[in-house]
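Chain order of the listed sequences is A and B. Per the numbering used here, residue 16 is the first one in the first sequence, and the count goes up by one each step. Per the numbering used here, residue 19 is the first one in the second sequence, and the count goes up by one each step.
Warning: the hint list may mix true and false statements.
Short derived list, chain A residues pointing at chain B, Cβ under 7 Å [stated by the list, open to error]: (1) F64; (2) F65; (3) F126; (4) P127; (5) A133; (6) W140; (7) Q141; (8) P143; (9) F152; (10) L157; (11) N169; (12) Y190; (13) P193; (14) L229; (15) P234; (16) G262.
Quick look at which bits of chain B chain A covers, simulated, 3 or more residues with Cβ under 8 Å [unchecked claim]: (17) 74–87; (18) 92–99; (19) 103–116; (20) 137–151; (21) 163–173; (22) 212–225; (23) 263–276.
Sample of chain B residues lacking proximity to chain A, with all beta carbon distances greater than 12 Å (derived) [unchecked claim]: (24) K65; (25) G243; (26) E245.
None of these hints come from the bench; they were simulated from the model. By construction, the Cβ of each residue, glycine as well, lies at the ideal position given by its N, Cα and C atoms.
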Amino acid sequence: MTASTTPASSGPRAVVGAPARRGSRVRRGVVTLSQYTGFAPAMVLFGLFFAAPMALIVAYSFWTQEGYKVVSDWTFANYQSVFNTPVYVNTFLVTLWMTAAATALTLAIAFPFSYWLARYVSRRWQRPLLFLVILPFWVSYLLRVTAWTIILGNNGALSRLLGVVGLSTPSWLLYDRPAVIFVLVYLYFPFAALTLFAALERFDWRQMHAAMDLGATHPRAVRTVMLPQIKPGITTAVIFVFIPILGEYLTPELVGGTRGVMIGNLVDNFFQEAQYAEGAAIAILIAAVVIILLLIFRRSLEVGETYGG
Amino acid sequence: MAGEANAVEIVSRSSRLVRGALTGWAWVIYIFLFAPIVLLIMLSFNKNRYGTFPITGWTLHWFTGIASNPDLQSAIKTSLRVALEVTLISTVVGTAAAFSLVRSRLPFRGAFRIAFILPIMIPGVLIGVSLLTFLRQGLGIPLSIETVIIGQSVYTTPFVLLIVASRLEGFDRSLERAASDLGANWLRTFRYVVLPLIAPAVLAGALFAFTLSLDEFVITFFIIGPEVTLPIYIYTQIKFGITPAINAVATLLIITSLAITALGLLIPRLVRIPVRRVRTRRARKMQRAAPAASSSA
Chain A
16 MTASTTPASS GPRAVVGAPA RRGSRVRRGV VTLSQYTGFA PAMVLFGLFF
66 AAPMALIVAY SFWTQEGYKV VSDWTFANYQ SVFNTPVYVN TFLVTLWMTA
116 AATALTLAIA FPFSYWLARY VSRRWQRPLL FLVILPFWVS YLLRVTAWTI
166 ILGNNGALSR LLGVVGLSTP SWLLYDRPAV IFVLVYLYFP FAALTLFAAL
216 ERFDWRQMHA AMDLGATHPR AVRTVMLPQI KPGITTAVIF VFIPILGEYL
266 TPELVGGTRG VMIGNLVDNF FQEAQYAEGA AIAILIAAVV IILLLIFRRS
316 LEVGETYGG
Chain B
19 MAGEANAVEI VSRSSRLVRG ALTGWAWVIY IFLFAPIVLL IMLSFNKNRY
69 GTFPITGWTL HWFTGIASNP DLQSAIKTSL RVALEVTLIS TVVGTAAAFS
119 LVRSRLPFRG AFRIAFILPI MIPGVLIGVS LLTFLRQGLG IPLSIETVII
169 GQSVYTTPFV LLIVASRLEG FDRSLERAAS DLGANWLRTF RYVVLPLIAP
219 AVLAGALFAF TLSLDEFVIT FFIIGPEVTL PIYIYTQIKF GITPAINAVA
269 TLLIITSLAI TALGLLIPRL VRIPVRRVRT RRARKMQRAA PAASSSA
């Protein structure tokens, strides 16, 4: 690209002679080299402290635990042990179920919101209102979870509010699965709203009008005309919400109680107790789900990117 | 716009109903998003000794209390030190990698892009436990502030990379070519042309990395040594119950994060002004030079 345009732009100067040209070639060589070296620090950082640890975890999941050490005897025992312990299998399945529920709920409440923002809000206000949605993202993640323990907790804001009306707080509202799902929806709502808005912003609303002129009801027009077209955006939103929730351990720990335990808490426990091999096996199971999801939706994600330009 | 108004008229009342319902929904969402944060800030000014409801009066006592809490102060200091070093590392590494990613025609560039963004996509718990295992078991390094700095950098660098890369992609390469045609070597070209143009993105990336580091909990939790950062300190405290002191620290942390974010949004605007001025001055010079060049040609 550069090679084809440079001679044209420096056309008049080319007459001056060869030395200038050779100089530029050397210079270009140096620039090219410096461009390649740009990767070097990142390769060191990510290679040594991201790729190598991940590789080690994969190896550990197939190695043998002896006391507090892991020795390199290859085995499937860790996976077998995980799959043969009903509590672990159950926690894994419950986690998948909770993650799916939280993701579905997040998208369900984000879609009408993004729809409203994309369709009914004037262009001037769209950006500020969208910024307000992302703003909580800059408030510490730990503090956002903490804030909910204040609201939902024993003697929290909610129970006081309900007490004034004369109701008692339902027990599932704290230290149980619904509470975990609720807080997860809160935490990941901005991701979904942002992605869905980006998809809806590119949608041609005249097609909706056309469908409704032809007699479709509002919900039907949304379902048959709009949803198929913004599918890549929906897929991206699902991925961006589902994957991080799958690895959650703080939210279940703070608001989940004993029933709200997720797979991330299991991993945490195993590693805190220096049971590295089995912990690694569970960690790899999480990673496997993440990778399978990314592979399945790779195509739609790519399409999403091309749409995004 | 006119066409839309027309359509709305045709589609009539049911459409207006939908619009009203959706607007109401949006209000509910905004309340849902901000209620917990506003509540947390409110409680930090609450006189109640137990850090929760009811509100028994207003006080600044919990904020002044921070001054006489050595644990808290050392946590704040540690957090600031970590955040500064993480910012430095991720800004340098991220910016350098962004250049290679956008500029070079390396084979597997797409693969590199995905590989560098992976630390954001993978759940933090996996990065945390794998680093813990690698550092303790693999390398036998004791956990310390340095390990936290490394762990957080793995997570923050991709963000800097993305921000700087997106700026570089929208970068007019002809400016650089013009500089080198005018005799500037690559160092001068970088210093006087490239750097001023990407500076807003680099600064925004740095501020973003700083905020992320200041708030980082998920990875830090696994690789923290005896010294604790602020989020870890807050975590160990709330395990025993919420105290008003924690609410006050929370409020300070929220205000700091939001202030840095605001700064990140303002800086590109502030920086762009002098750049634009230079650009127009340069453009004027070029215009003045252009007739001469065309007459000589």
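Quick rundown of the hints versus the structure:
| no. | hint | result |
| --- | --- | --- |
| 1 | F64 | holds (5 Å) |
| 2 | F65 | holds (5 Å) |
| 3 | F126 | violated (10 Å) |
| 4 | P127 | holds (5 Å) |
| 5 | A133 | violated (11 Å) |
| 6 | W140 | violated (11 Å) |
| 7 | Q141 | violated (12 Å) |
| 8 | P143 | violated (11 Å) |
| 9 | F152 | violated (9 Å) |
| 10 | L157 | holds (5 Å) |
| 11 | N169 | violated (9 Å) |
| 12 | Y190 | violated (14 Å) |
| 13 | P193 | violated (16 Å) |
| 14 | L229 | violated (12 Å) |
| 15 | P234 | violated (9 Å) |
| 16 | G262 | holds (2 Å) |
| 17 | 74–87 | violated (count 0) |
| 18 | 92–99 | violated (count 0) |
| 19 | 103–116 | holds (count 7) |
| 20 | 137–151 | holds (count 13) |
| 21 | 163–173 | holds (count 4) |
| 22 | 212–225 | violated (count 0) |
| 23 | 263–276 | holds (count 6) |
| 24 | K65 | holds (16 Å) |
| 25 | G243 | holds (15 Å) |
| 26 | E245 | holds (18 Å) |
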